[in-house]
Amino acid sequence: MSRGGGRGGGRGGGRGGGRGGGVPGIQTFGPDAIQATFKNPGETYPDIILPVARPPTDEEGEMYIAMKKLQETLYSSPYYLTEPRKPGAITRYTDRYHQDQAAKRPKLDTIKSSKSFFPDELHSILDPKTITRKREINHKYDISKIDENEDDGEAEIDPETGLPKKTGDGEDGPEEEEYEDEDDEDDNDYGENYFDNGEGDDDDGDDGDGGDY
Amino acid sequence: MSTHENRLCRLIVREHFGPIVEKVANVLIRKGRMPVGLIANFTALKPRQVRECLFVLIQHNLAVYAESQEKSRIVTYYEINRTELLNRVLIPKVLHSSQDWFERDGVLITQSLLTHGKLTITDCVADILKTSGIAPGKTSTQRTQSLNKVFTRMVKEKCLIAVRPSDSLTTADKDMAEEKRETDKMTLPPTAAELASIRKALGAQKQAEQNATIVGLKRRLDTMDDSYGEKRPRLLTDGDLVIVEEVETDVYFKVNFDRFIIRWRNVQIANLYEARLNPTAKTIMQTIMNLAEERMINCKEEHSSPVSIMLLLNSLPKDTNLIDTLEFDSSDLGPNNTKPKIHECLDKYVQILEEDLMKILKRDAGRSGQYIINLKMASEILKKNLIQGIVSARFGAPYVRIMNMLADKGKLEEKQISRFSMMPVKDVREKLTTLCTFGVLNLQEVPKTKERTPSRTYYLWEVILSRAADTLTDRLYHTMGNLRQRRFVERAKRAVLLNKCERTDVKADDSLLNAAEKKELETLNGVLEMLEIQELRIAEMVITLRDF
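Chains as they are written, first to last, in our numbering: chain U, 1 to 213; chain A, 1001 to 1548.
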């Protein structure tokens, strides 16, 4: 297909020239813009003159430097998560100088934060010694007490979450399962897979192409 | 929630937190709230990795969670906080403004909080001392005191805001829990009217909490005792006691983007008057906005709190020249032609500002000598000016003429537009269609008969400012996403060179890079700078259209 072949040189010239008199190309921005209409659609791939952005000011330059510094700090912080560097198939001389950034970064359990901001299942990230307990609701009913006040058997509701509060004693509760952190368990947790409709196949994160500016 | 917004959110997470957190954030952005197991399913990551990513997102206030009771267990659902995520594009401007308002210590505090998400004052100061060290000639105690002082000032001015554990919960779940608490007090289920009144009362309560004292700030009494060195210490009286405000050491704080946006908006409102009147009018307007700013909570308020003219007179900068920048009639000056006094000049200025066609400043009806700002009108003017600028740069003056005419006159037919704008109907029709496709104009059909045939239907064109702002915001998100993606592509093109630059031997010795590689790095730096600055310029436009 040589559709663009004939116009390749002209397009390069148009793009390289930018704005200026005598440069081939169609103005698509501003008061002299030629808009495509139904009756006059124009060429399929016209040579267009793109507007040139104004140069950065001193303030903007300072903002860029500040942002670059922050990005470097974030890159070396424990919050930037990457896979550990895998050794390549061929061993090279310069491999000794390459650092594994993932190993160099501090771990997440070294950061200063409070467990109250996170749900129970994330406490083990901040404090690896935490043993997470599965919270179960007590559904044991005593038939002889069925006519009494309903409030007696219910747990106290947490005002913030609207859920039953965790009780310290486990006298009437069911047997609670205690388990260690899930590193040694299988990755597949069949109990939480019941929503899977096969929707996991098309998720490649391709949201759009680069359109016009 | 559009595709462009989702893409931009995903790219922000990738740049700041890496590809693994990006996968988790992408799933939450596109598919909504879900528990850890489902996220692990969609992302093919281990549950431990998913939990680490969620931990990072919650720590940076980008995700919230809700615990839901399902059968016999409690399941935790996670959701992305889009507002905070999209605010991260404003970080360069926030850092620059921190430098302007709070100097170097303010920048260091802001940087530390943006790196860690949320910190207490003690941890923040410790982090700064560890990373930037102590300047020679100063002790650690002095440095800590100066950082504490700046931190306290930032909290008092609400540039930093306290974070409570309840802020990690989803707003909808919190509101539902409060509603349930109120309805549980009633014996019968609530009617629709009762439910509406409960919701209104809870909304008012939330508003009152926001207006109340600043969370995380405590007051204590301290002495102004100057009797050091005296042989006999004197008895302290009530006059020696002062109230000192301190930040509580166990409260976590984060950067309050809303306050920065409010200040930027106030500056833009004041700048409107510089072009219309003179720089002194801008100074007066800026002072009024600064005085009213303390009680502003967010940009969506309709009016500011009242500002008295006496307070304005005392708060004006000392170098403001009110007398020479005004012209008085000879009848106003009196028989001796004496120059008017400063308060008379200020009264005259305020009168001119009040009579200006923009109608932003107006007298407070209930109290004399007090003025309020019509923030809603000011925001609309800022948005309209920006949309006009975009249309003018993109299409040209005739399109702006049509848009302004429709904004002033309301709904018009194309024949009327052609007559008012003095353009042929054929040209007007093309321009109207172009503007409608762009998203600035709306078409309203008014059928004459119930068959709705095109020949017997009025087609009225109009400008709806909120819709135009939303459509243009989406276009700007698309552009920002393109710019961000371009940065990744430019880095990916030079991945081998960047990999080489990260080697320890190259970092220690620059001469291992040859001239071509150094030039390539310089080119890359220039390209990245240009792309970042362009994105920042577009982000400023987005906050005008979305947040003002």
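Hints should not be assumed to be uniformly reliable.
[To be verified] Capping the alpha-carbon separation at 35 Å, the derived lysine-lysine pairs in DSBU-like fashion look like this:
| no. | chain 1 | residue 1 | chain 2 | residue 2 |
| --- | --- | --- | --- | --- |
| 1 | A | K1300 | U | K69 |
| 2 | U | K68 | A | K1282 |
| 3 | U | K68 | A | K1156 |
| 4 | U | K115 | A | K1282 |
| 5 | U | K112 | A | K1339 |
| 6 | U | K69 | A | K1450 |
| 7 | A | K1450 | U | K112 |
| 8 | A | K1156 | U | K115 |
| 9 | A | K1156 | U | K86 |
| 10 | A | K1156 | U | K39 |
Hints are computed from structural coordinates only; laboratory data are not their basis.
Hint by hint, here is what the structure shows:
In summary, the hint linking K1300/A to K69/U is supported, as the alpha carbons are separated by about 33 Å, within the 35 Å threshold. At most 35 Å may separate the alpha-carbon atoms for a hinted pair to count; K68/U and K1282/A meet this at roughly 34 Å. Between the alpha carbons of K68/U and K1156/A the distance comes to roughly 29 Å, so the proposed pair stays at or under 35 Å and holds. Distance check on the hinted pair: K115/U and K1282/A sit about 48 Å apart at the alpha-carbon level, beyond 35 Å; violated.
Distance check on the hinted pair: K112/U and K1339/A sit about 63 Å apart at the alpha-carbon level, beyond 35 Å; violated. The straight-line distance between the Cα atoms of K69/U and K1450/A is roughly 65 Å, outside the 35 Å bound, and the hint therefore fails. Using a Cα cut-off of 35 Å, the hinted pair K1450/A and K112/U is violated, with the two alpha carbons roughly 68 Å apart. For a cut-off of 35 Å, the pair hint linking K1156/A to K115/U stands: about 27 Å separates their Cα positions.
A hinted pair counts as satisfied when its Cα atoms are at most 35 Å apart, and K1156/A with K86/U does not qualify at roughly 49 Å. Taking the CA atoms of K1156/A and K39/U, the gap is about 62 Å. The hint is violated against a cut of 35 Å.
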